[in-house]
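Engineer: Residue-level listing of the chains:
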Amino acid sequence: MEIEVTGYSFPNDIHILWSLMIVMYPYITGLVAGSFVVSSLYHVFGRNELKPISRLSLVASFGFLLFATLPLLNHLGHPERGFNIIITPNFSSAMAAFGVFYAAYLIVVMLEIWLIYRKDIIMLARRSRGIKRAFYALLALGVYDTSEESRKLDHNIVVVLASIGIPMACILHGYVGFMFGSVKANSFWSTPLMPIIFLCSAITSGIAMVVVLYQILSKLNGARIDPECMQSLCRWLWMFAIITVTVELLEIISLAYERSEEWMVVGPLLGGKLAFSFIGIQLVFGALIPIILLGVVVLMKPFLTDPLRNTMAFVASLILLVQVLAMRWNVVIGGQMFSKSMMGFRQSYDPGLFEKEGVAVAIGIFVLPFIFLAIFNKFLPLAEEDVEGDGKASAAEPQAARGA
Amino acid sequence: MEHSKHIWRAALILLFGVVGFIVVRQFLIPKSFGIAGHYRFDALAEFMAQPVKHGGRESCRKCHEPPYETTSKGKHARVSCEVCHGPVGDHASKEAKIAVMPKNPSYKLCAYCHQKLAARPKGFKQVSFRKHLEEQGFASDSKIPEKICLKCHEPHDPTGAAGN
Chain A
1339 MEIEVTGYSF
1349 PNDIHILWSL
1359 MIVMYPYITG
1369 LVAGSFVVSS
1379 LYHVFGRNEL
1389 KPISRLSLVA
1399 SFGFLLFATL
1409 PLLNHLGHPE
1419 RGFNIIITPN
1429 FSSAMAAFGV
1439 FYAAYLIVVM
1449 LEIWLIYRKD
1459 IIMLARRSRG
1469 IKRAFYALLA
1479 LGVYDTSEES
1489 RKLDHNIVVV
1499 LASIGIPMAC
1509 ILHGYVGFMF
1519 GSVKANSFWS
1529 TPLMPIIFLC
1539 SAITSGIAMV
1549 VVLYQILSKL
1559 NGARIDPECM
1569 QSLCRWLWMF
1579 AIITVTVELL
1589 EIISLAYERS
1599 EEWMVVGPLL
1609 GGKLAFSFIG
1619 IQLVFGALIP
1629 IILLGVVVLM
1639 KPFLTDPLRN
1649 TMAFVASLIL
1659 LVQVLAMRWN
1669 VVIGGQMFSK
1679 SMMGFRQSYD
1689 PGLFEKEGVA
1699 VAIGIFVLPF
1709 IFLAIFNKFL
1719 PLAEEDVEGD
1729 GKASAAEPQA
1739 ARGA
Chain B
52 MEHSKHIWRA
62 ALILLFGVVG
72 FIVVRQFLIP
82 KSFGIAGHYR
92 FDALAEFMAQ
102 PVKHGGRESC
112 RKCHEPPYET
122 TSKGKHARVS
132 CEVCHGPVGD
142 HASKEAKIAV
152 MPKNPSYKLC
162 AYCHQKLAAR
172 PKGFKQVSFR
182 KHLEEQGFAS
192 DSKIPEKICL
202 KCHEPHDPTG
212 AAGN
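Protein chains in written order, with this note's numbering: chain A, 1339 to 1742; chain B, 52 to 215.
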């Protein structure tokens, strides 16, 4: 330990206390909100070309939601006390509101998934025997009604739930940005732009995650990746990546242009201690490259073959997932690197590999939603399958039409 | 409404869930919660009932007169023994030793107070550890040995004033 406090730091203000876990928390919550927005593009806004990923994105949102609070519980310790936020909420804290929204949003997403999968559940219940049948029958709540009327009713409720879900997803993640934006002692965080920055990057990471999951799932199932769906995802991803980088830069540029007192410490921070993760990863590698790649996909559509588009989208999405993680790191850890004196830097922070809040635990928590998705896929298909043949446009039809 | 049976069942389950939560919540809220604010009031009495662990410098004197005297004359005279050693309650009870008092010989313990920090009072002895060690002929790129401070400094009397 060599304490590298530089400049004029307050004596009790030299350690970075919010660890890698507090980086993972907004990252995973962002994926919740982002994936949900993608699924709503189909369910509410009628983007029919996104039908192949409508289920996947919704279940992914649910999967990430289930584990979103784990990093926080690990960071704070005593996870059993986490329930106190719901049992005795103190509404003078925004975190109490989070407990209510989190629970309500979980119910909305669960109901939506149930209604969307209801027909599949009934089909599977009819097909299976023994314990499996009982399991599916329980999931179907004992009602085997797949009539046109019941389906229509389900659809209408799904639209209502998704419509409620969009503002809830936005609030859920806007809240995370708000938590940082409302820390008035830290002028790097304390800006009303913070919730918007978090929300935009959440949607970017969510779409990017859906692109990655969709391509992996198609590969595993041996199914063809729907070109219209992928093209549409790239368009949305491109737009949100541009908006995200713009608002992120706007915040920094306004700080720099004002030459305010906080810029005297934030400027050297971004160009010095954070140069690699901010300029290198967040701006150049993480933003410039995928925006160019996606720009090519969107603007040069007629010249691209499907495999080329898929590869470019996959690479751009992976890079954007890294960019958003870098952005969370730069905000959470970067915001703690300088002393409240605004005239000096705190000790640097390097998460250990095997410590309680280290890299291994972070990876372990991040893998859990994917394990959940794999298990879910064993019981109910994540891919959009038109097994019942209800006559509506399925994912395979547009391809067949084009191929003819 | 003929085809909405499943919706009613789901709604019923949801209703049971919400009502169940409201009922269970009533049992989970601690009895003394909210009496004097947004906390469990009984916690105060529980904390007050906990045994006192710290005894101050005088509680060490009876058994450890020599280091007490050395420290009293040196620069650390105003630093209580328990600051570096830990609470007396973990070591002795009713003037009888119950456990070995831990010693922390690491330079990290010294760094808590003596690491150079511009915001500390001017008269307070502060050092940039690596620079200080370099001045003593220590290779700047090697790892700092844990007990390095003890080679030259006696923690009870770090400047040697008591012996003079």
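One or more of the hints may lead you astray.
Unchecked claim - Negatives, chain B to chain A, calculated, CB over 12 Å:
#, residue
1, 64
2, 79
3, 89
4, 135
Said to hold, decoys possible - With a Cα cut of at most 30 Å, we get these calculated DSS-like pairs of lysine-lysine:
#, chain 1, residue 1, chain 2, residue 2
5, A, 1611, B, 104
6, B, 176, A, 1522
7, A, 1389, A, 1639
8, A, 1611, A, 1470
9, B, 159, B, 198
10, B, 173, B, 124
11, A, 1470, A, 1522
12, B, 148, B, 176
13, B, 176, A, 1611
14, B, 113, B, 182
15, A, 1694, B, 154
16, B, 159, A, 1457
17, A, 1557, A, 1694
18, A, 1522, A, 1457
19, B, 82, A, 1678
20, B, 56, A, 1490
21, B, 126, B, 154
22, A, 1694, B, 56
23, A, 1678, B, 159
24, A, 1611, B, 173
25, A, 1716, B, 56
26, A, 1470, A, 1716
27, A, 1611, B, 194
28, B, 126, A, 1470
29, A, 1389, B, 182
30, A, 1611, A, 1557
31, A, 1694, B, 173
32, B, 148, B, 173
33, A, 1678, B, 182
34, A, 1611, B, 167
35, A, 1611, B, 154
36, B, 113, B, 124
37, B, 126, B, 56
38, B, 148, B, 182
39, B, 167, A, 1678
40, A, 1490, A, 1678
Honestly, the hints are just simulated from the structure, not real lab data.
Beta carbons: idealized from backbone N, C-alpha and C, even for Gly.
Engineer: Taking the hints in turn, state whether each one holds.
Structural biologist: Here is how each hint holds up against the structure:
no., hint, in the structure
1, 64, "violated, 7 Å"
2, 79, "violated, 5 Å"
3, 89, "violated, 5 Å"
4, 135, "holds, 17 Å"
5, 1611/A x 104/B, "violated, 42 Å"
6, 176/B x 1522/A, "violated, 34 Å"
7, 1389/A x 1639/A, "holds, 20 Å"
8, 1611/A x 1470/A, "violated, 56 Å"
9, 159/B x 198/B, "holds, 9 Å"
10, 173/B x 124/B, "holds, 22 Å"
11, 1470/A x 1522/A, "violated, 54 Å"
12, 148/B x 176/B, "violated, 34 Å"
13, 176/B x 1611/A, "holds, 29 Å"
14, 113/B x 182/B, "violated, 40 Å"
15, 1694/A x 154/B, "holds, 25 Å"
16, 159/B x 1457/A, "violated, 64 Å"
17, 1557/A x 1694/A, "violated, 35 Å"
18, 1522/A x 1457/A, "violated, 50 Å"
19, 82/B x 1678/A, "violated, 40 Å"
20, 56/B x 1490/A, "holds, 14 Å"
21, 126/B x 154/B, "holds, 20 Å"
22, 1694/A x 56/B, "violated, 49 Å"
23, 1678/A x 159/B, "holds, 24 Å"
24, 1611/A x 173/B, "holds, 28 Å"
25, 1716/A x 56/B, "holds, 28 Å"
26, 1470/A x 1716/A, "holds, 12 Å"
27, 1611/A x 194/B, "holds, 23 Å"
28, 126/B x 1470/A, "violated, 76 Å"
29, 1389/A x 182/B, "violated, 64 Å"
30, 1611/A x 1557/A, "violated, 41 Å"
31, 1694/A x 173/B, "violated, 38 Å"
32, 148/B x 173/B, "violated, 40 Å"
33, 1678/A x 182/B, "holds, 26 Å"
34, 1611/A x 167/B, "holds, 20 Å"
35, 1611/A x 154/B, "violated, 36 Å"
36, 113/B x 124/B, "holds, 17 Å"
37, 126/B x 56/B, "violated, 82 Å"
38, 148/B x 182/B, "violated, 41 Å"
39, 167/B x 1678/A, "holds, 18 Å"
40, 1490/A x 1678/A, "violated, 57 Å"
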